[in-house]
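So the protein sequences, as listed, match chains D and L. Per the working numbering, the first sequence runs over residues 1 to 217. Per the working numbering, the second sequence runs over residues 218 to 462.
Simulated from the structure, these hints should not be mistaken for lab results. Treat each hint with caution, since some may be false.
Stated by the list, open to error - If you want the footprint, here are the derived chain D segments under chain L, 3+ residues with CB under 8 Å:
1) 95 to 104
2) 122 to 129
3) 174 to 182
Ideal placement from N, C-alpha and C gives every residue a C-beta, glycine not left out.
Each chain, written out:
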Amino acid sequence: MVATPREAFWAYGVYAGLIVSLTLNARVPLRSLIRRLAIETPFLIFVVALPFLARGERIDVVGLSLSVEGLWGAWNILVKATLGAATVMLLASTTPITSILYGLQKLRVPSVIVAIAGFMIRYADVIASEMRRMKVGRQSRGYEPRVLWQVRALASSAGTLFIRSYERGERVHLAMMSRGYSGTMPELAAVEASPTDWLRAFLVPAVAAVICVLAWL
Amino acid sequence: MNALEVSGLAFAYPDGLQALFGVDLTVARGERVALLGPNGAGKTTLVLHLNGVLTAGAGSVHVGGLELNKANLKEIRRRVAIVFQDPDDQLFMPSVREDVAFGPANLGIRGAELDARIHGALAAVGMTDHVHRPPHHLSYGQRRRVAVATVLAMQPEILVLDEPSSNLDPAAKRELAGILKGLDLTMLMVTHDMPYALELCDRAVVMNEGTIAGDGPTPEILADEPLMRANRLELPYGFDPSFSP
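Modelling step: build the complete structure from the supplied sequences, incorporating the hints.
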């Protein structure tokens, strides 16, 4: 998808159709997928600014002078980010996280990367609940910042959270060493994938690759 | 042969803080020993020496007759299993199965033998139904039990528990006590929970300021008021060790 030329509008239409049909096939409500796409909003702000800021040839659109190059750039980022994010959301809402890790391992992703992803997933909850407890702690002592210059405590909480997470990392390392860890993570459980599984898994990427090639021709 | 022999163990942290001043401790095979003492007494520091995570400045540790040194670190870590206080530190893999497999896999165990170890360890703590769940979806008591299973899978000779009853509700505490009593292992249990020590351990060792301050049958240690007071130890309100079953 990322390698598709930005001028090939039809290709993006096909990609979108592919994602929508997969979503319906997986019985994931389209509405929830769209709601999750809100995560890309911060990036869109930059995209909106692009046509105004970019240099080069300019064009008048309803009285605004916009850069042609900037418009193309904005379209390019917008469509690729949205479709890419939708694909990831689809994967996340259909596949349990442990299966994704097994899959990464099966695809021969370096074990360090799989381990880091695993730790991140494992400790996201722990750190989030630590953050929640600190927030309750602040609120219990009457801390409700309303304006920007009142947020000093927030910054120091972030620092504390960082230190706490670092210390937890040390304790986890102790626990790992105590169980004989010597630098290499053991493989996760072996999951068997039959040829049909491989075929099914590669079907969608293969279709996307074909579209990409056709778009370049 | 004794399961554990610690002699003249002294240790100072890199910042100069001396935590252990010559600790001598012998634990016979099959004994269950409670390690009591106030915060900062050096209990956890001692525990981290038993499997070589910390290296003593002086003194020695023998586990089942084998001296702890760099060459046999791996074997010592198999023999001495430590269950840390916070199960979130102990369970770091994506699922219960992987976490229990971590130790034995590091020992080079694979395949059917590994599966048998995992199943055996989870069965010992009554958690076989949760084998594929991620640890953060378990209750605190369940996580503590899985933490015990992660070290049982290494088939250790000594089980060291750091505050096993902390943060557990009374029912989870009782369930864990039942599991621990059922294990045929030498056990060293760091705890502030006097009734728990009395229930599970026949012998109690008191530690304070980096040395052993008392050692004897648990009911006698708990009833020794001057000893208890001198080491900042107290019995819970209304609790009388001499009235226990």
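### Task
Against the earlier hints, flag every one the structure doesn't satisfy and list their numbers going up.
none
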